[in-house]
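K.L.:
Those sequence lines, one after another, are chains A and B. Under numbering that gives the first Met the number 0, think of the first position of the first sequence as 0, with each following residue one higher. Under numbering that gives the first Met the number 0, think of the first position of the second sequence as 0, with each following residue one higher.
Just so you know, these hints were derived from the structure itself, not from any lab. It is possible that part of the hints are untrue.
To be verified - Below, computed lysine-lysine pairings styled on DSBU-like, alpha-carbon distance capped at 30 Å:
(1) Lys196/B - Lys239/B
(2) Lys384/A - Lys467/B
(3) Lys193/A - Lys310/A
(4) Lys119/A - Lys525/B
(5) Lys390/B - Lys420/A
(6) Lys193/A - Lys224/B
(7) Lys324/A - Lys193/A
(8) Lys324/A - Lys429/A
(9) Lys420/A - Lys224/B
(10) Lys384/A - Lys196/B
(11) Lys324/A - Lys262/A
(12) Lys239/B - Lys420/A
(13) Lys224/B - Lys119/A
(14) Lys239/B - Lys119/A
These numbers come from a predicted model, not from an experiment.
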Amino acid sequence: MPTRLRTSVGPRYEGIESAPTGRRSVLLAAASLGLSFALPALPARAARRRGVERPRSLLVVWLAGGPSQLETFDPHPGAAAGGPTQDISTVIPGVRIAADYPRLAEVLDRFALVRSLVSKEGDHERGQYAVKTGYRPDPTAIHPAIGAIAAHELPATGLELPRFIALGGAEFPSRGGYLGNEFDPYRVFAPGQKGQNLVPHVPVDRQSRRLGALDSLTRSFETGRGEAVRRTFHEHTLREALTLMTSEQLAAFDLDGESESVKGLYGDSDFGRGCLVARRLIEAGVRSVEITLAGFDTHARNFAGHTSQAKLLDPALAALVGDLKDRDLLESTVVLVMGEFGRTPSINPLDGRDHWPHGFSCLLGGAGIAAGQVIGSTDPEGVAKLPTDPVEIHDLSATVLAALGIDFAREVATLVGRPMKLSSGTPLAKLLRSEA
Amino acid sequence: MLPAIAAVVLVALVGAAARDPVAVRRRAQAASTETSRSAGATLSTDATVVAIDRLLAESRRAHGVEAAAAADNLTILRRLWLALAGTIPSLEEIRRFEADTAPGAVDRALTTLLADRRSADALARRLASPLVGDEKGEFIVFRRDRFTTWLADQIGANRPWDTTVREMVSARGLWTDTPAVNFITQAAANGVIDADKLAGRVSRVFLGARLDCAQCHDHPFAAWKQGEFEGLAASFAQAKLSPVGVEDDPARVHRIDRTSVAALATTMTGAGRNVPPRVPFGADWLGSGGTHRENLAAWVIHTDNRRFDRAIANRMWSILFGTAWHEPVDDIPDPGPTSSPDDLLDLLADDFREHGRDLHRLIKVIAATEAYRFASTHPDLESAEGAARVKATWGAFPLTRLTPEQMIGAMGATTSLQTIERDSHVLTRTIRFFRETDFLREYGQVVDSQGGSLPATIPQALVQMNGKFAREMVEANVVTATGRIAGMAHDDVARLEVAFLVALTRRPTSEERESLLPLITLAESKGRGLEDVMWTLFNCPEFSWNH
C-alpha cells in the first residue's frame with residue numbers, strides 16, 4: 000500500500016494543526032526573546048550517542064563533472080586505456096589505485112570499491128539525475144535525490160538545523176522532487192561560513208516590531224481563509240527559519256573551534272573545509288549531508304586536471320574518513336563517493352577523456368557496508384564496453400538505502416497520487432554486512 | 000547583484016524620477032480605454048460562460064457549498080496580472096485602473112493586458128516550458144529563447160493555436176530564421192533528434208495524455224499501449240538536423256533498439272525492430288501526402304481531435320487559477336464519446352474550436368466565469384472538511400503559491416512605483432538576469448510544474464526575510480518605492496496605504512492600519528519605518544500566495 004505523502008510528512012508539521020492556540024504567540028515570542036523557542040536543543044544524549052546505536056546519516060561526496068575512473072580508483076598503467084597515470088598499492092592487499100591518492104590508499108579498507116557501475120545517461124544533467132536518484136529523468140515526475148530520501152526517512156529529533164544540507168555550489172542541485180520542496184537541500188555555498196541569509200538586516204527592536212506586524216498580517220489573511228492559509232504552512236516555515244537563525248546548533252557550520260592541525264589535515268581549500276563542516280554536521284545530528292567537488296569534466300588535459308583535483312580530494316577524503324572513525328561516527332554514517340559517470344578508455348586529441356557511463360567507479364563505506372573489497376573490473380585495453388560484475392545505478396541506490404536501514408522498496412504517493420518506490424533496485428548483498 | 004539591479008531599475012526610473020511618481024497618466028489611460036472599450040465587452044452573459052457558471056453552481060448545490068462572495072476588482076486585477084504578465088500591477092497601473100469607473104472595468108483591463116507584449120512574453124514562457132524543456136546549456140538556452148520569442152509573437156498577434164502548433168510540429172529550416180523548428184531542435188542531443196522526447200511532449204501538451212509513460216510499459220490506468228507510443232515517436236523519425244536546419248528525409252525509419260546502452264537492462268521489447276508511424280486513435284484524421292511530421296500535425300489539430308482543445312483549455316485554466324481543472328495538467332481523463340454540457344473541459348474546448356482556436360478568447364471566457372471572480376474567502380474554509388468541499392467545487396478562488404518567476408516579477412513591481420517594465424524586454428531581461436543570479440540559486444529552481452502548490456522552504460523564507468534582494472527591495476533610497484513613499488505622501492496613513500497598494504494591490508483594513516502604523520510612527524525616521532512596513536508586506540503569506 001502506498002503511504003500518502005502528506006501523512007508521511009505529517010509529523011514535521013505537528014503542532015501547527017494540533018496546537019493552533021500556540022501559533023499566535025509564536026512569532027511574538029521569537030521576537031521578544033530573540034531566541035530559540037520552539038524546539039528543545041538537540042538532546043545531548045542523542046548527539047553524543049556513538050557507534051552502531053547512533054541514528055544513521057548519509058554523507059555523499061559528489062565529484063561533479065564525471066571523474067575518470069582511470070585516474071582515480073581504477074587505474075590501468077601500461078595498458079591501452081591507462082594513459083600516463085601510475086598506480087600505488089593500498090592497505091587492501093592486491094588492490095591498487097591512482098598514485099595521486101597516497102593518503103586515501105592508507106584508509107581504503109574503510110570502503111568497498113565498486114569499479115563496474117553502469118548508467119544509461121551520458122549527459123551531465125541527466126547523468127547526475129540518474130545517479131543521485133536511481134531513476135532515469137522522467138518528464139512526468141521529479142524523483143528525490145538519495146540525500147533527500149535519507150532526510151525524509153531518517154529520524155531527526157531535536158534537530159534545529161536542516162535535515163539535508165548541501166555544501167559547495169553544485170551546478171545541478173539535488174532535489175526533494177516528489178517528496179516536496181522542503182526536502183531540497185539547504186545549500187551552503189561557502190563552507191566554513193555559517194550559511195547565507197541567516198542574519199536579520201535590522202537590530203532586535205526593529206526585527207521584533209517587524210515580526211509582530213507580520214503576525215498581525217498573517218492573522219488578517221487567515222480571516223475567512225482559515226484552512227486554506229494553514230495549508231500554506233507559511234507560518235510554520237517561517238518559524239522553522241527563525242529557529243534556525245537563532246539556533247546554537249549553527250556552530251556546526253563554524254570552524255573557529257577546530258585546531259589548525261585538524262584543518263591542515265583536511266587541506267586549505269573550500270572542499271577541505273567543506274569536508275570538515277560535513278563531519279561537524281553529521282556529529283550534530285544532521286541526517287543527510289552532500290558535499291560537491293566540481294572540476295572533473297576533463298575533455299581536455301585530463302591528466303593534469305585530475306592531478307590537481309586529487310590534491311584537493313585525497314587529503315580531505317582521507318581526513319574525513321579517519322575523523323569519522325576516530326569519533327566513532329563511521330559505524331552510523333554511510334559514506335558514498337562518486338560522480339555522474341566516468342570517462343572514456345580512449346584519449347582524445349586534446350589529451351582529454353570524454354563521458355563514459357559504461358564502467359565507472361565509486362567508493363561506499365561506513366554503516367552496514369562490507370568494506371575492504373573490490374567489485375567488478377573494467378577492460379584495461381578499453382575494448383570490452385561493459386565491465387565484469389556490472390552494478391546498475393538503481394541497485395546501488397537500493398544498497399545505500401538498505402545500509403541506512405531504510406525500507407528502500409516502500410511506495411510513497413506523489414503529490415498527484417501516483418505511487419512511487421523509493422528505489423526500483425535490489426540491494427547488492429555482497430556490499431552489505433550480514434549483520435546490517 | 001546590487002549594481003546590476005539598480006541599473007535595470009534605473010533605466011526605467013530615470014525618466015520618471017522628476018515627475019510625481021504616483022501621478023496618473025491620464026492621457027495614456029484615456030487613449031487606451033477608448034480603444035479597448037468595445038473589445039472589452041463583458042463575456043459574463045456569453046453562452047459558454049453561462050453554461051460553465053451553471054455547471055459549477057450545480058456542483059456546489061450537490062455538495063452543499065454556498066458560492067463565495069465576489070472578489071473586489073483590485074483582487075481580480077492582481078490575479079490577472081500574475082497569470083498573464085507574470086507580475087503584479089504597479090501603483091501606476093492600479094491608479095489607472097481605478098480611474099476607470101464605468102461598469103466593465105475589469106474586462107477592459109483584461110483586454111488591455113492581453114494586448115500588452117508583457118502578457119505575450121509571460122504566457123509564452125509558461126507554455127514554452129513543457130514544449131521545449133528547462134534544461135541548461137548555452138546553445139539550448141539560445142534556441143529556447145528564440146522559440147519563446149516566436150511563440151510570444153504568435154500569442155501577441157493571437158494567431159490561431161492550431162496554426163501555431165502545426166508549425167511547431169512540422170516546420171523545416173534553420174533554428175535562427177524559422178524559430179518554430181526549435182520545438183524539434185530542443186529535443187536533440189549530440190546532433191540526434193530524440194523522437195521519444197518529441198512524442199512525449201506532443202502527447203502531454205497537445206493531447207493532455209502522458210503517453211510517454213507507455214514508452215517503457217503500458218500506461219497503468221489509461222488505454223495506452225507501448226506500441227502506440229512507439230508509433231507516435233516514429234512520426235518524427237524522418238526529421239534530422241542538417242546544415243540547412245531541420246529537414247525530413249523520407250528514407251529514414253524509426254528503429255527501436257532499447258538494448259544499445261546496457262545489455263543487462265531488462266528489455267521488455269525485442270531488439271532491433273523498425274516501427275512505422277502510427278497514431279493511437281483517429282487514424283483517418285492523419286494528413287496524407289506530406290512528410291510524416293506534416294501528417295501528424297494535421298492529426299493533432301484535426302477538429303475532431305477533442306483532446307487537442309481540452310488540453311489547452313485545461314492548461315489555460317491552470318495558468319489563470321494557479322491550478323488546473325484536472326491535475327496533473329498534462330494527464331487528463333479521456334473525453335466521452337460525444338461532447339457533454341456537464342464536462343467543463345468540453346464546454347471550453349467546443350467554444351475554443353468554434354471560435355477559431357482563439358487563445359485570447361479562451362482566456363477571456365475563463366476569466367469571465369463566476370468562479371474566477373469569487374473571493375478566496377469562504378465560511379467553509381474554517382474546517383478541513385469544508386475546505387475540501389470548497390476546493391472540489393471551486394466554491395472560492397484557490398490559494399496557490401506564486402511561481403518563482405511570478406515572485407521575481409512581483410518583487411520587481413514592488414520595488415518600483417511605476418511600471419518599470421513598460422517595455423516588455425526589460426521585464427524579460429530582469430527575469431533572465433535573476434534566473435542567472437544568486438536569487439534563484441538561493442531561492443530554488445525555476446521548474447514549477449509538479450502539480451500542486453508546494454509550501455515554501457526554509458531557504459526561501461530566509462531569502463525573503465534576510466536575503467540581499469529583500470534588503471535592496473525594502474531599503475529606503477531614491478530609486479526604491481520605499482524611499483519614495485517615505486518622502487512623498489502627506490501623512491503616515493497615506494504612506495501606509497500606498498505601501499499596501501504597491502505590495503498587496505489593496506488598501507489596509509482599519510485593524511491592519513492600527514497594528515502597522517506604529518512601525519512608522521515609532522521609527523527613528525520615516526524611511527526606516529517604511530522599510531519595516533515593506534519588509535512585513537513582502538514576507539506575509541498574502542504576498543507570495545495568489546488568492
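K.L.:
Would you mind marking each hint as holding or not holding in the structure?
P.N.:
Outcome of the hint check:
1. Lys196/B - Lys239/B: 14 Å, holds
2. Lys384/A - Lys467/B: It is violated: about 50 Å lies between the C-alpha atoms, which goes past 30 Å.
3. Lys193/A - Lys310/A: Cα-Cα ~25 Å, so holds.
4. Lys119/A - Lys525/B: Outside the cut-off at roughly 61 Å; violated.
5. Lys390/B - Lys420/A: Roughly 29 Å separates the two Cα atoms, so the pair holds.
6. Lys193/A - Lys224/B: 53 Å, violated
7. Lys324/A - Lys193/A: Between Lys324/A and Lys193/A the Cα gap is close to 25 Å, so the pair holds against 30 Å.
8. Lys324/A - Lys429/A: Holds. Lys324/A to Lys429/A sits at ~22 Å (cutoff 30 Å).
9. Lys420/A - Lys224/B: 22 Å, holds
10. Lys384/A - Lys196/B: 26 Å, holds
11. Lys324/A - Lys262/A: 17 Å, holds
12. Lys239/B - Lys420/A: 37 Å, violated
13. Lys224/B - Lys119/A: 24 Å, holds
14. Lys239/B - Lys119/A: Holds, at roughly 23 Å.
Violated hints, in rising order: 2, 4, 6, 12; the structure is consistent with all others.
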